[in-house]
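Please take these sequences and the hints and turn them into a complete structure.
If you're matching them up, the sequences are chains A and B in order. Numbering that gives the first Met the number 0 puts the first residue of the first sequence at 0, with every later residue one more than the last. Numbering that gives the first Met the number 0 puts the first residue of the second sequence at 0, with every later residue one more than the last.
FYI, nobody ran anything at the bench for these hints, they're computed from the structure. Backbone N, C-alpha and C define an ideal beta-carbon position, used for all residues, glycine too. Take every hint as true, because none was put in to throw you off.
Quick list of the computed label-pair ranges, beta carbon to beta carbon:
no.: 1; chain 1: B; residue 1: Leu-43; chain 2: A; residue 2: Gly-16; range: 42 to 52 Å
no.: 2; chain 1: B; residue 1: Glu-306; chain 2: A; residue 2: Asp-45; range: 55 to 65 Å
no.: 3; chain 1: A; residue 1: Lys-127; chain 2: B; residue 2: Asn-232; range: 37 to 47 Å
no.: 4; chain 1: A; residue 1: Lys-127; chain 2: B; residue 2: Ser-209; range: 55 to 65 Å
no.: 5; chain 1: B; residue 1: Pro-56; chain 2: A; residue 2: Gly-16; range: 19 to 29 Å
no.: 6; chain 1: B; residue 1: Arg-197; chain 2: A; residue 2: Pro-96; range: 44 to 54 Å
no.: 7; chain 1: A; residue 1: Thr-43; chain 2: B; residue 2: Arg-12; range: 26 to 36 Å
no.: 8; chain 1: B; residue 1: Pro-56; chain 2: A; residue 2: Val-23; range: 13 to 23 Å
no.: 9; chain 1: A; residue 1: Asp-45; chain 2: B; residue 2: Asn-232; range: 16 to 26 Å
no.: 10; chain 1: A; residue 1: Thr-43; chain 2: B; residue 2: Asn-232; range: 15 to 25 Å
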Amino acid sequence: MTEKKIRVLVAKPGLDGHDRGAKVIAYSLRDAGFEVIYSGLRQTTDSIIRAAIQEDVDVVGLSILSGAHLTLTRRVAEGLKAQGADEVVLLVGGVIPDEDIPTLREIGVKEIFTSGTSVNQVVESIKKHVHHNSPKEAGQ
Amino acid sequence: MNADWIDLIEKMRQGSVRALSRLVSRVENRDPGWMEAMQQIYPLSGQARLIGITGSPGAGKSTLTNGMARELVSKGFKVGIIAVDPSSPFSGGSLLGDRVRMKDLWDLDEVFIRSMATRGALGGLNQSARDVANLLDAFGKDFVLIETVGVGQDEVEVVRAADLVLVVCVPGQGDGVQALKAGIMEIADIFVVNKADREGAEELFLDIQSMLDMDSNQDKPRPPVLRTTANQNQGLPELVVSVLDLLKSSRHRQAWKKIRIREELIGLLEKQLTGWIKDQWEKDGDLEKAVRQIERRERDPYSIVRERLDHLMQNMRKDDPSGKR
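Encoded structure:
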């Protein structure tokens with residue numbers, strides 16, 4: 000009778016005020032059958048970490064267009080780790096220069112989506128990474 | 000019970016938010032062992048007061064919840080929030096956006112916010128919301144606020160289980176009182192006219208008052224009607240004072256308590272039984288067979304259900320050691 004749903008937090012850290020992209024992603028993920036928590040604009044990294052913990056999400060997707068992606072993402076990754084939640088799949092989307100992608104991967108980001116990514120790619124990658132995690136949970 | 004359940008409960012007792020949050024998920028998912036876990040958790044609960052907040056979509060429930068929680072925290076209380084949003088019956092997914100309106104609470108240690116989707120009908124939102132409320136209670140919250148759209152039986156059931164129910168109305172949704180579904184008016188302990196700075200608020204206020212004048216039910220104290228403009232923090236301190244006062248007196252809720260417990264017991268058993276019956280029926284393949292038969296109109300649903308029921312009863316008698324066999 001168990002009914003596990005993939006839970007995703009879609010968050011916009013920092014100061015940019017454009018959330019169209021984040022909302023489109025949020026709607027698409029809902030339509031893919033996920034439970035999507037959308038938390039609104041201009042969040043601090045601290046409140047994103049709190050939300051991820053309280054909502055017990057499988058995935059955190061950060062939408063960043065401000066250029067501050069390295070700093071913001073590092074803070075979120077470190078914060079999740081500090082809470083013992085480093086198995087949460089971290090994804091980043093937005094305006095990300097190619098040369099920053101290796102650094103983001105080092106920080107622990109599983110996938111980076113730059114402009115032109117199809118919504119389907121995002122859905123598939125979430126399924127892949129969460130399934131990759133779940134055998135551990137199933138072995139309880 | 001598995002060691003990891005025990006471990007999580009122990010960590011929750013020591014105040015780990017992460018452990019609480021994991022427990023909520025596992026109980027909500029009905030992971031194996033969830034009932035034994037709740038059995039351990041239940042004795043730790045019993046302190047928190049449960050407040051249901053309901054109203055039509057766009058009435059400002061989340062903003063109001065935000066303001067109330069902030070007000071309660073400023074009085075020294077710890078607050079848990081369960082924000083319910085519907086799941087799509089088609090994709091099974093949901094968009095849970097209530098946190099957007101709870102900015103004031105994002106960084107407060109005293110507040111724990113959990114978004115819950117209604118999931119399928121068989122999930123039994125009513126019961127899982129109660130379970131989550133019990134968990135927040137056991138964690139040490141003084142108040143648990145449950146906010147949900149007041150449409151659909153299941154959502155009404157959720158707030159009905161609360162110690163106190165706020166029904167939120169707003170001007171500009173046609174005839175405000177007509178818009179409230181039957182069954183919602185009756186459960187209100189306090190009416191809130193939110194967005195009271197808008198045109199039509201005064202008419203709505205008077206509409207509700209005159210509706211209450213006509214109410215023939217004398218057993219229940221007359222619910223107060225309060226005005227708020229939650230996004231400007233108007234009227235919230237008064238609302239919280241009113242809530243606290245009513246909770247102190249709450250005479251009619253005593254009789255209500257037994258009904259609630261009764262409903263919870265029957266509901267729990269029902270959900271477990273339904274799940275078990277469905278699993279069994281699917282497992283032995285007869286369910287698919289029956290569907291095909293009815294589709295081809297070779298059989299009718301009534302005789303099939305009667306047959307199935309007989310079959311279940313027979314099996315139960317066989318399993319019962321005190322049975323005649």
